[in-house]
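Peer 1: Following the hints, position chain X against chain G.
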Amino acid sequence: MVSRPNRLASPAGATTTRGNAAAAGELARNASARDPGSALALAEEVLGRALRIGATEAEVLVMAGDSALTRFANSEIHQNVAERSLTVSLRHVVGRRIAVVSTGRVDADGLRSLVHRAAAIARSCEELDDWAGLPAPIEASSRAAVSAWADGTAEATPEFRAEGVRAVIAAADAVGVTAYGSFSTDAEAVAVANSAGIRSAENRTSSQLLTVHMSPDGGTGYAEGVSMDATTIDAAAIGREAATKARAGDRPVTVDPGDYPVVLEEYAVVDITDMLGYLGFSALAVQEGRSFVEPGRRIGSELVTIIDDGADRNGLPMAFDYEGVAKQRVPLVESGVCRDVVYDSQTAARAGRTSTGHGLPAPNPWGPFPLNAVMSAGDTSRDDLVKGLDRGLLVTRFHYTNVVHPKLAMITGMTRDGTFLVERGEVVGPVRNLRFTQSYLDALAGVSAVSSSRKTIRGFLGAAVVPALRIDAWTFTGVTEF
Amino acid sequence: MRDLTDRALDTAAKLGATYADVRVIRRRDESIAVKSGRVEGVAMGETDGFGVRVLVDGAWGFAASDNFELAEGDRVGALAVRVAKASATALRRPVELDGRPPATGKYETPVGEDPFKVPLESKISDLVAADRAAGGVKGVSFTESVYAAHREWKTFAASDGSFTEQVITQVGAAVEANAIEGDEHQRRSYPDAGGGYQAAGYEYIRGLDLVGHSEPIGEEAVALLSAPQLPPGRRTIVLDPSMLYLQLHESCGHPTELDRVFGTEASYAGTSFLTPDKLDEGFMYGSELVTIVADATAPGGLGTFGWDDEGVEAQAVPLVQNGRFVGYLSSRETAPRVGRRSGGAMRADGWNRIPLIRMTNVNMLPVPGMTLDEIVADTDDGLYLANNRSWSIDDRRLNFQFATEVAYEIKGGKKGRLFKNPTYTGITYEFWRSCDAVGDEHSFVMLGTPNCGKGEPSQTARVGHAVPGARFRNVQVGVGKW
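So the protein sequences, as listed, match chains G and X.
Mapping of the first sequence onto my numbering: position 188 corresponds to residue 188, and the numbering continues sequentially without gaps.
Mapping of the second sequence onto my numbering: position 414 corresponds to residue 414, and the numbering continues sequentially without gaps.
Isolated chain G (complex conformation) (with noise of 0.2 Å):
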């Protein structure tokens, strides 16, 4: 993880900076996902236009990728797709008055004339009373730099990925079910330079690999893989554990709904981690009034500790946010005592604080988020897990989950892809999935073991590296037919 000042080249790509002689189209055509340097070159050209056409700050934000995503559904690749974009964003501020536009167009009239709306929208714009100006580089810190980029994500092709997925699809056939699902890669540079002297560029890279298998009598499985390097997933492992959980989910009865002692698997987790991010450990959620969040408040059982940490090895590594500022590890929750929410430059000055590296883009009023949530591990096997229960449920994950209630942080949502009952510790077989209306924070409070292994899994608010939990207590509130 790289956090120094004005900067932030990553390990992996060197940041080097043109002059602005350079002609935009050349820069526009060199800011490739392998070439974080172009990106943070091209972006120092649109700042510099800025600021000669009267901006009294500037921030430009330059996101240049390569995506590719193989899909597969009835055991075929059905969808597949590639990828190459490239985005400048421009936050063009005259005194408090402030503008944002964005464009694909990056030739010299395309940057021309970004730069000259930005400033007709801005000269139009009624001040902003607090605008605490855009952030500057913040003191150096020691941590080791780690790198977000592998090569042999950013180098996959189609027939790599496909490749993949012919293992996938031979896990299922092993065992007579059908595999649906996707092999993405994703390679990205990003690059931020504002007028306050933040000069930030890394690139990234990303990959996922996910599967559900259908069987013909009844049972779903699930699976997932996530890393930086595509070339560490093993698709032939993720195909084999979701075909078992597929086998194993044949034939699920009903069970009434009611409270129930739980263990749910770390893909389950994750929409626990997410929605408290996004409910809760914003610093905007709680100068609003409507987080669960103050400091000193027991929210989980001891055993329940959520840090935020771009510099991970384990999850999606990210240096800086996309203000340009470097990632900060926040401790959200230690041992179920809330400790502290992320920031983003402004939430951070209302504050009387420095950002904790957590801006989204501009403009940006949902406020930050925490985008690496990282849950400590515990000393529970997988196994220990499930032998703790008397009779509870075994969910793999959950389904189109939504808040019911943002303080209590009550969560509606319906179990998926293999669950199951659970008598004196052992699996007793699969049941029909059900709806749940559950308070996440009772839930934490309720944690009663944790695992001693972890999965990186992406959720709606990045990667979190989560383990698996034992809670006391879920509310499920209806069962649905299958």
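The hints are simulated quantities; they were obtained by calculation from the structure and are not laboratory data.
Keep in mind that this is a model prediction, so the values were computed, not measured.
Every residue gets a Cβ at the ideal spot worked out from N, C-alpha and C, and that includes glycine.
Among the hints, a few may not be true.
To be verified - Partial chain X-side listing against chain G, Cβ under 8 Å, derived:
id, residue
1, K35
2, A63
3, R92
4, E96
5, L97
6, R100
7, R337
8, S390
9, I393
10, L398
11, Q401
Peer 2: The following block gives chain X in isolation, referenced to the frame of chain G:
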């Protein structure tokens, strides 16, 4: 533009594509975000690029780029073919498309007052005035208001000679008041939680009269803080159009998507309970009062266009006729598998995404006889639920649960006291079969959502729903522990 589309199509054909199409798209988006009377963000975004979709050996490939140089047309066309050939290595059912005449022509959304020509200061002023009216109510903690305008220029060319050009314009706005006290957070919005949206010009925004509705929603948000919790039970409920449209979206729109039925969305959004055998048997989806149509020609809908993204002409497709399930949202690939022609529902989220089967305007038709007010007057004991707050449904679209911002008690045909945190739940076909009153054309209003998610990589669709209000009997309300 013809040069680029011809180049990409020719390259694809030379390399073995038996069918190819190209979409060249330019998008322009403008948004204003106001929070507690302050302009939080004014943003303008532009993106343009092209995507090439090819069929090679019965397998799909797709590639996209934002570089319009002719040589890039060659590169992208060739990459799409290479991707398709990789797809063919895991193919079990070669793709066959239904026949359709080559599409040619132009379409443009009828616009009264071009939203991009209305002075920005004027649009900001309108929104700030509405937001401040809501925020001026004593007890309101914070307000949020949004305005958005969207325009898309789309050229479609296919190897069969099709060539169409379309310009789609859409606008939307919303005002939201939040009241917070202790653990209670209540919200009221107008016209809808996510905003009222239509394919129209700024005249639609003026017609919403945001200012006129802002103070009442502020007052109601505050009143909800001291309202009683909705007790659990089985009740008669009347759904306002602001809730009914999302009920329709989730429990009829999505399950009638034929790609879901055939499993191609299984790994993400899920499948559908509306399997083809139910089409053959004339499955009773709802009561005889329930008629639902997917109408891409409906005036003002977010799903209104000239041709879909496969060049199929806009049309109205019956989905449910007097309660009976009669049709699907479909594509050229899927429709022949149920013995039909494409219903023209293939839509892509921009130049860098493939078209998927998406809702157009999934509308519930009004029933002559009673206005919505007369339905309330005809209800002795029930609840009137308005404005969605939370939504969730299982992956086959059977078990759903919704929360609304407000419930008004109905006693003796009159709306009375408020209940807070209302929720209701059910099984899709049981719920629609319990419909015993549908409003007439007086309550029939075009609503919709600009953020319907589907697909991997994720795509956001803008879909319309014209609905009246309706009444349902014996519905479970008040879910969860409060």
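Peer 1: For which of the previously enumerated hints does the structure constitute a violation, in increasing order of number?
Peer 2: Of the numbered hints given earlier, those the structure breaks are 4, 5, 6, 7, listed in rising order.
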